[in-house]
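These protein sequence lines map, in sequence, to chains A and B.
So for the first sequence, the working numbering puts the first residue at 58; every next one is plus one.
So for the second sequence, the working numbering puts the first residue at 58; every next one is plus one.
The set of hints was computed from the structure by calculation and includes no laboratory data.
Put simply, identical chains are the same to the list, so a pair is met inside one copy or across any two.
The calculated lysine-lysine pairs, modelled on DSS-like cross-linking and capped at a C-alpha distance of 25 Å, are: (1) LYS68 to LYS265; (2) LYS434 to LYS265; (3) LYS68 to LYS191; (4) LYS265 to LYS220; (5) LYS265 to LYS73.
Protein chains: 2
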Amino acid sequence: MDNFIYETPTKVYFGKGEEERTGKLIKEAGATKVLLHYGGQSAKKSGLLDRIKGYLEAENIDYIELGGVVANPELKLVREGIALGIKEGVDFVLAVGGGSVLDSAKDIANGIANPDIDVWDFSLGKAVPAKTLKKGAVLTISAAGSEMSNSCVITNPDTKVKKGYSCTCNRMDFAIENPELTYSVSAYQTACGAVDIAMHTIERYFCKGEDTYLTDSIAEAIIRSAIKSGKDAVEHPDDYVARANMMWASSLAHNGLTQCGRSFLMAVHQLEHVISAHFPEVAHGAGLAALWCSWARYVYDANIPRFLQYAHNVWNVDIDFEHPEITINKAIDIQEEYYRSIGMPVSLTELGIKEADLEKLANGCSQNKTRVLDGYKKLGFEDMLNIYKMAL
Amino acid sequence: MDNFIYETPTKVYFGKGEEERTGKLIKEAGATKVLLHYGGQSAKKSGLLDRIKGYLEAENIDYIELGGVVANPELKLVREGIALGIKEGVDFVLAVGGGSVLDSAKDIANGIANPDIDVWDFSLGKAVPAKTLKKGAVLTISAAGSEMSNSCVITNPDTKVKKGYSCTCNRMDFAIENPELTYSVSAYQTACGAVDIAMHTIERYFCKGEDTYLTDSIAEAIIRSAIKSGKDAVEHPDDYVARANMMWASSLAHNGLTQCGRSFLMAVHQLEHVISAHFPEVAHGAGLAALWCSWARYVYDANIPRFLQYAHNVWNVDIDFEHPEITINKAIDIQEEYYRSIGMPVSLTELGIKEADLEKLANGCSQNKTRVLDGYKKLGFEDMLNIYKMAL
Numbered sequence: 058m059d060n061f062i063y064e065t066p067t068k069v070y071f072g073k074g075e076e077e078r079t080g081k082l083i084k085e086a087g088a089t090k091v092l093l094h095y096g097g098q099s100a101k102k103s104g105l106l107d108r109i110k111g112y113l114e115a116e117n118i119d120y121i122e123l124g125g126v127v128a129n130p131e132l133k134l135v136r137e138g139i140a141l142g143i144k145e146g147v148d149f150v151l152a153v154g155g156g157s158v159l160d161s162a163k164d165i166a167n168g169i170a171n172p173d174i175d176v177w178d179f180s181l182g183k184a185v186p187a188k189t190l191k192k193g194a195v196l197t198i199s200a201a202g203s204e205m206s207n208s209c210v211i212t213n214p215d216t217k218v219k220k221g222y223s224c225t226c227n228r229m230d231f232a233i234e235n236p237e238l239t240y241s242v243s244a245y246q247t248a249c250g251a252v253d254i255a256m257h258t259i260e261r262y263f264c265k266g267e268d269t270y271l272t273d274s275i276a277e278a279i280i281r282s283a284i285k286s287g288k289d290a291v292e293h294p295d296d297y298v299a300r301a302n303m304m305w306a307s308s309l310a311h312n313g314l315t316q317c318g319r320s321f322l323m324a325v326h327q328l329e330h331v332i333s334a335h336f337p338e339v340a341h342g343a344g345l346a347a348l349w350c351s352w353a354r355y356v357y358d359a360n361i362p363r364f365l366q367y368a369h370n371v372w373n374v375d376i377d378f379e380h381p382e383i384t385i386n387k388a389i390d391i392q393e394e395y396y397r398s399i400g401m402p403v404s405l406t407e408l409g410i411k412e413a414d415l416e417k418l419a420n421g422c423s424q425n426k427t428r429v430l431d432g433y434k435k436l437g438f439e440d441m442l443n444i445y446k447m448a449l
Numbered sequence: 058m059d060n061f062i063y064e065t066p067t068k069v070y071f072g073k074g075e076e077e078r079t080g081k082l083i084k085e086a087g088a089t090k091v092l093l094h095y096g097g098q099s100a101k102k103s104g105l106l107d108r109i110k111g112y113l114e115a116e117n118i119d120y121i122e123l124g125g126v127v128a129n130p131e132l133k134l135v136r137e138g139i140a141l142g143i144k145e146g147v148d149f150v151l152a153v154g155g156g157s158v159l160d161s162a163k164d165i166a167n168g169i170a171n172p173d174i175d176v177w178d179f180s181l182g183k184a185v186p187a188k189t190l191k192k193g194a195v196l197t198i199s200a201a202g203s204e205m206s207n208s209c210v211i212t213n214p215d216t217k218v219k220k221g222y223s224c225t226c227n228r229m230d231f232a233i234e235n236p237e238l239t240y241s242v243s244a245y246q247t248a249c250g251a252v253d254i255a256m257h258t259i260e261r262y263f264c265k266g267e268d269t270y271l272t273d274s275i276a277e278a279i280i281r282s283a284i285k286s287g288k289d290a291v292e293h294p295d296d297y298v299a300r301a302n303m304m305w306a307s308s309l310a311h312n313g314l315t316q317c318g319r320s321f322l323m324a325v326h327q328l329e330h331v332i333s334a335h336f337p338e339v340a341h342g343a344g345l346a347a348l349w350c351s352w353a354r355y356v357y358d359a360n361i362p363r364f365l366q367y368a369h370n371v372w373n374v375d376i377d378f379e380h381p382e383i384t385i386n387k388a389i390d391i392q393e394e395y396y397r398s399i400g401m402p403v404s405l406t407e408l409g410i411k412e413a414d415l416e417k418l419a420n421g422c423s424q425n426k427t428r429v430l431d432g433y434k435k436l437g438f439e440d441m442l443n444i445y446k447m448a449l
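Go ahead and model the full structure; you've got the sequences and the hints to work with.
Written out as structure tokens, the structure is:
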């Protein structure tokens, strides 16, 4: 078990009606001017946004609004939010939405607090925010885990680069998680969320690391729960139990709990980020579903005992020790079938990606053949291209 | 799933050599005068205490010392620490030791920060600390989980009352967890720790609550890991993997993770606290081991499906749906056998407690027949007495 630092400072208020606390929590945080950040129409149409404004007004909290965050949130709106926030003297950022809104809010908070640094330098790894603004989230989609994570992922459409960065400043001060607010999420987006949640932990599970049986066992618990709750929520959108277990899995899958004592490199996320940077209409979860099984078939032999443990403890496949590859492939097939059953793609073709696109993707992921992903199995440009080809 | 608040602000530095950070962390916290709080001889003899002092001195941090914390930490020393801390202008409390030292340190920090309130009123529930001092811990025993918990348990030997209280102020700012520091813990104390760790989560598992399958599954993972790592550490004191998984289980078992969405009442802990208040030589973990199986046999029929899930998922017992009580009793028997195998008592007699003592204990636990423990099954004075009798 490697040394590790565990830090999850975000205070979570979980359950029905918890969003009613929003105004009081921001008041307690001592904020004087809030940037209320959100996405498109859904928070408006559902009435949630008006309710949130009401909670702020009830506490006499001054706020300005910035909507319009899109899936795969873009640098341009982040820059706009930073300029607006500095001009208006914003000292708190409140995100109402899903992972894209939260990530955009994190980047804006970091940008406002560090006006002398170009915010894109955080994504590029050229700078680390030393301070940030206070910030909170009212979560409306279970998926990205941004509500408790230390990461934020921003896309620069001009350069087709989608990049995440991780730091303590990216932790929300509070996250409000009311599963009922996710009832209106479509079956497709719910399925994308289920894939993403499980994948945050599956990727950590397949990082390098030994002797972490407690972390492994917790990881398996979270993956199984994401699989079950995701499917239940797709089939029964108003099922509180499914929505609640899925929402809590979203937070735990990506807050650091499932990487304690292990190294950290999310290879399939890296392979996918290039896809959604080039094809912004591809939902992140769908991209992950389309890639993972091909990644797994390409790499599994790097650590057979690990994959057998996964096959057995997550997918309940009996282990055939004489033919471990049969066990492993069976588990991968079951996972593929699960993706199909919740309406997720299991190939890049289903996402409209063609063979002619693949070299561009592999070039992007390998940063023009300069980057090797040294995770479960080392992946250079050729490996990336092979995986994309297998996933066609 | 009930609404819940999840808050684990303690930053954990886990692994070999992490205690070397102590001075730097306290400096970063802006402390000017530290109260270095510890127990008896072991931290001195091992050289750890001198090393910690060295780390403080290397950062030019001023400190005073207060040793002498005993198992089941006592109010008298807490009062002494508060008086000393106020007199000396202490603004940081550093605990070096196990749960007793950490709990004593928490109470002292709360007492110094709230000089107008009698610190025992916090334990009695007559007051809640509104503020506290900054504090950190260098953990030397895996057991109590105090390093990440929001609780502290103090004993008043004059009144034979041992009482815990929970609040945000009881969270450590940081916890340093180096599993190697626990190599020297005796087999008996290691076994007591293993019992206590698992019990923190077992008790939460058997609180009221429905539809928390993610929390349940994480709880089962932690219980299983505590069982395995505890036994391995008893048998091989220098086994890093065992000590590390056990130490991390200690923190996760009691930091709130395993009660998310469920009610909270630790009945067996309440039954045990009276024992160690009256028989201070009884180690808390040993008292829990001596009681739990009797509690389980007395109460299991309150929720058969729950106990079957426990029997299967924790102790790997095949479920006999036609005779569920056979399955359940088999699991309890296996747990009892496990306790024996690690040298733990499975009866009060082994702890030197006699039938004549039991009424006094039941009176204590029921607070002279005024308190009912409304947990997995409602327990009044008569029930408590029955359980103590079964445990003889």
